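Chemist: If you read the sequences in order, they're chains B and A.
Mapping the first sequence onto the numbering used here, position 11 (from 1) lands on 11, and the numbers just tick up by one.
Mapping the second sequence onto the numbering used here, position 428 (from 1) lands on 428, and the numbers just tick up by one.
Simulated from the structure, these hints should not be mistaken for lab results.
Note that this is a predicted model, so its numbers are computed, not measured.
Note that beta-carbon positions come from the ideal geometry of N, C-alpha and C, so glycine has one too.
Quick list of in silico lysine to aspartate or glutamate cross-link-like pairs, EDC-like style, CA-CA up to 16 Å:
no., chain 1, residue 1, chain 2, residue 2
1, A, Lys8, B, Glu86
2, B, Lys61, A, Glu251
3, A, Lys10, B, Glu87
4, A, Lys8, B, Glu87
5, A, Lys10, B, Glu86
In silico negatives: residues of chain B with every beta carbon more than 10 Å from chain A:
no., residue
6, Leu7
7, Leu10
8, Ile34
9, Pro90
10, Leu94
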Amino acid sequence: MEKTIGLKRLGNLSAMWSKASDSIKSRPKLTRWILAGPITIIASIVIMAGMAFWIPAGEAKLNNIAIPIIVLPIIWAFCFFYVCIEENLPRAVLIMTAIIVSHIMLVTSAFM
Amino acid sequence: MISLSQSKTKRLVAIHGWSGTVLGLLLYVVIFTGAVAVFEREISVWSQGGTQYSEGIGRKIDRLFRQHAKEIDRKYYEEIFIARNRSGDFRFSFQTHEKNPATDTLEDKAVILTIDEETEQVVSRWEGFLSERAPDRGDTLSRFFVDIHVQLHLPNPYGLILVGILGLMMMAAAISGILIHRHLIKEMFLPVRPRKSMVSARDLHNLAGTWGIPFAILLAFTGVFFSFATTLGVPIMAMVAFGGDQQALIESVQGTAKVLDKTPASLASLDYIIKDAINRTEGAYVTFIGIQHYDTMAATVRVNMATIDGQLSGNVFGYEGVSREFTGEKPLLGQVPSLGSSLIGIIAPLHFGSFAGIASKTVWLGLGLAMAFVSATGMLLWTKRREDQAIWREFHKWIYVVIWGLPVAMMVSAYAFFLTLPAGDPGWWVPASFVIASLVIIGACLMKPFQEDAFRRLTGIMAVGLPLLRHLTGGTSWSESILTQGQGVIIAIDVVLLALGLILLCWKQIKQSSRTMSAQPEPAE
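Input sequences plus hints: build the corresponding full structure.
Modeler: So, in C-alpha cells, the structure goes:
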C-alpha cells in the first residue's frame, strides 16, 4: 500500500516536472535571461553566505569569512557562464534551484 | 583551440558584444580613469609638490606625539594612527567609534592633526566623522580621478555598486572573448591589415584584446572585489556569521582582544619600537604606526614597514604597548597568518600595480590604456555593424565624443585645480569644472558634427599648457624638485604631458611620414 502511494507521488512529481520542463522549453530566451540575470546574482550571494558554514575557519578564524567575499566574482562568473552555455535549460533551472535552496537551508539552519 | 557548438558560439558572441556595449561608455570611463589613477600618489606629488621622505617615520617621534596627544580628549585614544601626508607633514589621527546621526550607523569619528616637521607646530586640526571628511586640498586632483574610477563620483554605495556591475560586465566580455576566439594563440601574432576599414579596426581590437585578456580578467576580478567587499560582502557575512553585528565581524577579523584592561598605564617609547622594527627588516622604513587603547594596560602597537625588493607587501610588526614586548609579525587580518588574509593582501598590489614601484605602475598604465582601447574599439565595431539602424548610428558618434571628451574634461579639471589652489576651493572647482566641461562638449557635439581633429588638437594644446600653468601658479620648479625635494616624478609627469601634447599636435605629420615610409618599395637585394 505504502509502496503504491510512494510510486503515485513519484508519478505526480514526474508529471509536474515534465509540465514545468515544457514551460521552460517554450520560453528559452526569457528563461535564460532570468537565469543569467537575477538568478545568477541571487545564487552568487547565497553561495557566498552559505560558504561561511562549509569552509574551514582555520586557526585565524577568518578563512570562512574572507574567502567567500574574495571568490564572489568567480562564483558569479561560473554561474553566469554555466547558464549561458548549458543547452538543456530545464537542467540549468534544476541545478541553480538546487544550489540556491541548499545554501539557503544551510544559512537558515545556523539560526535555528 | 576551444571547440563550441554553433548555438553556444552565437550566444557567447552576443554576451561579448552586449556586455561591452550596454553601459560600455561608463566602463570606458572607469577603465581610462583607472589607468590614470595607477599614478595617484605621483599625480598628488606633481600637483602639490612635497618632499620625498625615504626614511618614512624614522625620525624621533615619541616626544612630538606625546606633546600633542595630551591636548586631545581621551575618548579619542581608542585608536591612533601616525603617518606622513603627501607633503611630508606628520599626521596624527585620534579615533573613536560613534553613531553618526546623519546615517544612524556606527562610524569612525576622529581628530586629525597635521604637524609641520620643522616647526613642530599644528598646521591644521580637523574633527568629525571620517566619512564626511574632504581630501586634503593638495590631494584634490588625484583623489578626484580615483573617485571617478572607484564610484563615478556618485554617492556611496550606489557608485560602488554600479562600478562593481561594470566590473562584472568586463569579466563577462573578457571570458567570452577567450571562448569565442578559436585561435587565441595564433591571433596574438597576426599582423594588422593596413587598411582604414573595419577589418583593420577588428585586427587591432583582437590583437590588443588577446594580449590583454589575462590582465582584463585580473583587473575585473580584483575591481569587483573592491566594489562589493564593503557594500555586499561584509554586511552579508556579518549577518550570517555574527547576527548582523558588523563591529563584531571587524573585531574578529582585526583580532581585537575580548577583555580589555583599561587601567591607566604609560605607553612605551615609540622611538624604541620604531628602532626595533627597522632592525627586524633589511632596510625597510616605517610607513605607518597604529596604536590601540593608548595610555592603558591594553595598549598595543602595530608598525607597518615599507615594501622592499622581493616583497609584494611590507611587514607588519606587533608590540605590547606598555611592556614594548615584540608580539610577532602580524598578518593583514587576524592574529595569526591565514589563507584569507594572504589572499586579501595580494589583491591590492595586483589591482593597483604597486608591487614593483614605478616599473610595475608603468606597465599597469600601459595595459590599462590598452584595455580602454579594446573597450572603445569593441563598441565602435559593434555599432558600425548595425549602422543601418539610427539608434546605433547615433551611439557610434557618441562613443567618439566620450573617447576624446573624457581626457579633455580631465585636463579641464586639472586646470581648475591649479587656478583655484592658491586662493579658491579646489574641492568644489575640480568636480564642477569636470561637469561644466562635459556639458560644454556634449552641447557642442549636439550642435555641430563631431570633429576628431579638433579634439585631438585641443587635447594636445591643453597637455602642453598644463606643465606651464603648474609652474606659473607657484608649482615646484624642476630644479627645486630635484635639488631640494628629491622628486623626479614632477619632471617626469611634466615631460610626459609635453611629449603627449606635441605628439597630438603633430599627429597628421607623424601619420603622413609613417605612411610614406611604409609605401616606399624595399630595396632589391
